[in-house]
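Protein chains in written order, with my numbering: chain A, 1 to 176; chain B, 177 to 668; chain C, 669 to 803; chain D, 804 to 920.
The set of hints was computed from the structure by calculation and includes no laboratory data.
Note that the structure is a prediction, hence the values are computed from the model and not measured.
Hints are not guaranteed to be accurate.
[As the list claims (entries may be wrong)] Quick list of in silico lysine to aspartate or glutamate cross-link-like pairs, DMTMM-like style, CA-CA up to 20 Å:
id: 1; chain 1: C; residue 1: Lys-757; chain 2: C; residue 2: Asp-770
id: 2; chain 1: D; residue 1: Lys-865; chain 2: A; residue 2: Asp-95
id: 3; chain 1: C; residue 1: Lys-757; chain 2: B; residue 2: Asp-478
id: 4; chain 1: A; residue 1: Lys-70; chain 2: D; residue 2: Glu-912
id: 5; chain 1: A; residue 1: Lys-70; chain 2: D; residue 2: Asp-911
id: 6; chain 1: A; residue 1: Lys-70; chain 2: D; residue 2: Glu-909
id: 7; chain 1: B; residue 1: Lys-607; chain 2: B; residue 2: Asp-478
id: 8; chain 1: D; residue 1: Lys-865; chain 2: C; residue 2: Asp-770
id: 9; chain 1: D; residue 1: Lys-865; chain 2: A; residue 2: Asp-120
id: 10; chain 1: A; residue 1: Lys-70; chain 2: D; residue 2: Asp-866
id: 11; chain 1: A; residue 1: Lys-70; chain 2: D; residue 2: Asp-869
id: 12; chain 1: B; residue 1: Lys-607; chain 2: B; residue 2: Glu-540
id: 13; chain 1: C; residue 1: Lys-757; chain 2: B; residue 2: Glu-540
id: 14; chain 1: D; residue 1: Lys-865; chain 2: A; residue 2: Asp-117
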Amino acid sequence: MLGVTALAILRAPGLFTVVMLSSIYSLLSAVVFVTLDAVDVAFTEAVVGAGASTILMLAALALTNQRRAKPTPISPTGLIAAFLMGGGLIYATVDMPVLGDPSAPATLHVAPRYLNDSYDEVGLPNVVTSVLASYRGYDTFGEVTVIFTAGIGVLALLGRGRRDRKSRRKASSEST
Amino acid sequence: MEQHFPVLVVLVPMLAAPIAVLFARGGLAWFLALASSLASLYMSAVMLLTVLDVGVISYHIGDWAPPWGIEYRIDRLNALVALLLSGVSVAVLPFARRSVKKEIALERQYLLYTCWSLCLSGLIGMTVTGDAFNVFVFLEISALSTYALVSMANRRQAHLAAFRYLVAGTVGATFILVGIGLLYMQTGTLNMADLAERLPAVAGTRPVIAGLGFIIVGIAVKMAMFPVHGWLPGAYSRAPVAVSAFLAGTATKVSAYLLVRFTYTVFGADFTFGTLSIGTPIILFGVAGAVVGSVAAMHASDLKRLLAYSSVAQISYMGIGIGIATVEGLGGGMLHVFNHALMKVALFMGVGCVLYSRGSASLESFSGLGKQMPIAMGAFTLAALSLIGVPGTAGFVSKWYLVVAALDSGWWPVAMVIMVTSLMAVVYMGKILERIWLGQPSTDVAHEGRVPVAMLSMLYVLAFANIYFGLETSLTVGVVLDAARELIGQGG
Amino acid sequence: MHHHYVLRVVSKILIPPILLFALYVQFHGDFGPGGGFQAGVIFAAAFVLYALVFGLAAAREVVSDTVLRIVSALGVLLYAGVGIVNMLKGNNFLAYNNLAVDPVAGQHLGVLLVEAGVGMTVGAVVISLFVYFSS
Amino acid sequence: MDSLPGYNYWIVILLMMTGLYVVMSCRNLLKKIVGLNIFQASVFVFYISIAKVSGGTAPILKDGIDVYSNPLPHVLILTAIVVGVATTALGLALIVRIHGDYDTIEEDEIEAEEPEG
């Protein structure tokens, strides 16, 4: 289903449809996350990916007044790049551990300490929260800064003084 | 206090940003950015001395021992890069004050300096971290703030350039993310030192090889290596000129550092360049990039664009040095990272002075400036000579090491290409110098005022740094060659 | 939209539970799925609903742009502040153990404060994104 | 299923390829951003499938359960999702400005106005 949605996005001409499909795509991947036992990630993907991004995309769509995208011609460079990347990954799958393999290296080295000791060391039953806020709290600090940066960036682009965009546009096209 | 320097060097500029936003004053934001860059410069200098003295510093954030927690790990190489980054920021900020005042509306200036601080802390964070996923997080901090910085120029092409940069940068970052995921899948760890220890056991497996490929491609995009350099000319030529100067000295340099860090430290030189001989394609793309960049620079009509294309060529030299993978080659490549930052920052500052006083950076507007602005143009000429690689300048030293390394390891056509593209640099920089010193002043270019002393003096600091590091090479060459020996030795 | 009484009444009824739910998600992250990020976004959703029904101008009166900017900065500073307190108390950055006598209680407090910082910044930034995009 | 050990990854790979192709080929700027989202979301699925442990449950500790999925990739992806949204927001803001500048978000029409880019 994810694949069908992704292909539909590629072909759909209506931008509103594209945004809706992308929201559906996010919700579907949230469902996949639940089946893979990642409830926190599913929750976030549903709230942030399907919710916040969609609202922003709709707002952007409303501001740009564009409803339809031109049909996309087949791009050879795009195809080559996509197939090179896909080929590289498929080449790699041969040696990959089977899905759910309890003896995969990823589940053996670092992760067991989080599962076994985090309750004694941090005291929270939700291991994801312990890792997120304590063991790898610095990543989360960086992540908050990323959000803050995005807020500042959008403020710089769309904040105060946008009302005279039309006049500035004239000025900037004259100066070029 | 000193034991916290590894994290403070990142934290201080990062905290300057929200504090600047609280007060929303351009002047205060500028001061905070400058003060925090100075603090970072001091701290990275202290750390470099400590590292040279006692060896690697490891800082465990949250007191969680690696690989469970995130580790900051300072060695010779990244201490030098951190010094370079904060140094460039300290040098460009006094210059930026007046230049930004002229280019950007007053109420948005504090946002620019906020993004500047965030960008600096993101770049230093990428440099000092010893955790592969932490690299991705800080890379995104610096990337998002860079897109915002580029888009702040008051011209519409800047938005387009920033958008293209955003798309390319995000694809690059996602490639790096996939690569880190593949490594994690095979080793179960994210800590770089731990990865380096555990990778040899699984080195032959396909996910590891694919992971290396993804990481190299992703970094190449961020570094603007040929053929994925498309975003750079637009971004550098459309950004506010002070931002161009800052980014030219920092952003691609950190990517070059990351390439070294992943290929040499994490995977090990033996594996990357011995078993897989990744060096050959890197060198070949580097050669192609050097030629393409130089040819494009010869045809550019705007000086910012010319400098941006010349950056593509110069970045390719760094790639060549990294790909040759001998002590001289790697040392030359890293030396060029340092020296190219010095010359490009000075050149963009020179252009900034001309933009400030003439309002244009087209080639025509440089005609006869040697008579009208002899002081600024003198410094510009010094930096231009360094870019060409005239003996006695910093540019010569690193090119020398690169050519020698290429000849030593049998890559003599590569040495030829470095020579030929240097000649092309003579052509495109010579064209401008000729206009500056021999051309007639054009009458229709506006005269918009004298260049402020602050801008001129920082331009001179950088120009003389080019000469200083061209003559007195013991500091940079010594550190870099030692670092290269350490990195190549690590593989076994 | 201003004359749709049903909408106005329904949203007036809905907004408090949404805010409550945001707080629940914020503080329940220790035990179940949830945490600062999700809570921030849900909190912002309540604001978006208010703005959609009562108009953006009314919503901006409730939460002004300056407040948003300051809260988003304070969230980052709160997060870093916790780490700095840890440093002043002699441990490394973000080592929560020393926040209380018992290291586990310290960790708990640290996580709580840090998640609050996350929630502040995320909520304020998402609201301001919505405001910028729709004005 | 045993004959194709990596079947779950094949789906992810196809999704990543589609996403990358949308980013590189679509000339509409908004579709590019949507393509980036697809590309990133499929990488997220890839990470989460690394974390899956057969017979395990979500990593929230309860008495009587011994097998949990690996929490570390979950944490990484939580971070990455938020980073992705931040990028999307900034990209959309740029699109709005570009539309204000050029009255279009089709790259072909912008390039017609801006030959040098």
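Structure-based check of all given hints:
Among the hinted pairs, C/Lys-757 with C/Asp-770 is consistent with the structure: their alpha-carbon atoms are about 14 Å apart, no more than 20 Å. Between D/Lys-865 and A/Asp-95 the alpha-carbon distance is near 34 Å, which puts this suggested pair outside the 20 Å criterion. Distance check on the hinted pair: C/Lys-757 and B/Asp-478 sit about 55 Å apart at the alpha-carbon level, beyond 20 Å; violated. Using a Cα cut-off of 20 Å, the hinted pair A/Lys-70 and D/Glu-912 holds, with the two alpha carbons roughly 11 Å apart.
In summary, the hint linking A/Lys-70 to D/Asp-911 is supported, as the alpha carbons are separated by about 10 Å, within the 20 Å threshold. Pair hint A/Lys-70 plus D/Glu-909 holds up; C-alpha atoms about 8 Å apart against a cutoff of 20 Å. The hinted pair formed by B/Lys-607 and B/Asp-478 meets the criterion: a straight-line CA distance of about 12 Å does not exceed 20 Å. Taken as a hint, the D/Lys-865 and C/Asp-770 pair is broken in the structure, with Cα atoms around 23 Å apart against an allowance of 20 Å.
For the hint pairing D/Lys-865 with A/Asp-120, the CA-to-CA distance comes to about 14 Å; that is within 20 Å, so the pair holds. Among the hinted pairs, A/Lys-70 with D/Asp-866 is inconsistent with the structure: their alpha-carbon atoms are about 57 Å apart, more than 20 Å. The hinted pair formed by A/Lys-70 and D/Asp-869 fails the criterion: a straight-line CA distance of about 54 Å is larger than 20 Å. Restraint check for B/Lys-607 and B/Glu-540: the C-alpha separation of about 11 Å stays at or below 20 Å, so the hint holds.
For the hint linking C/Lys-757 to B/Glu-540, the alpha-carbon distance of about 61 Å lies beyond 20 Å, and the restraint is violated. Among the hinted pairs, D/Lys-865 with A/Asp-117 is consistent with the structure: their alpha-carbon atoms are about 14 Å apart, no more than 20 Å.
Comparing the model with each numbered hint stated earlier shows that hints 2, 3, 8, 10, 11, 13 do not hold.
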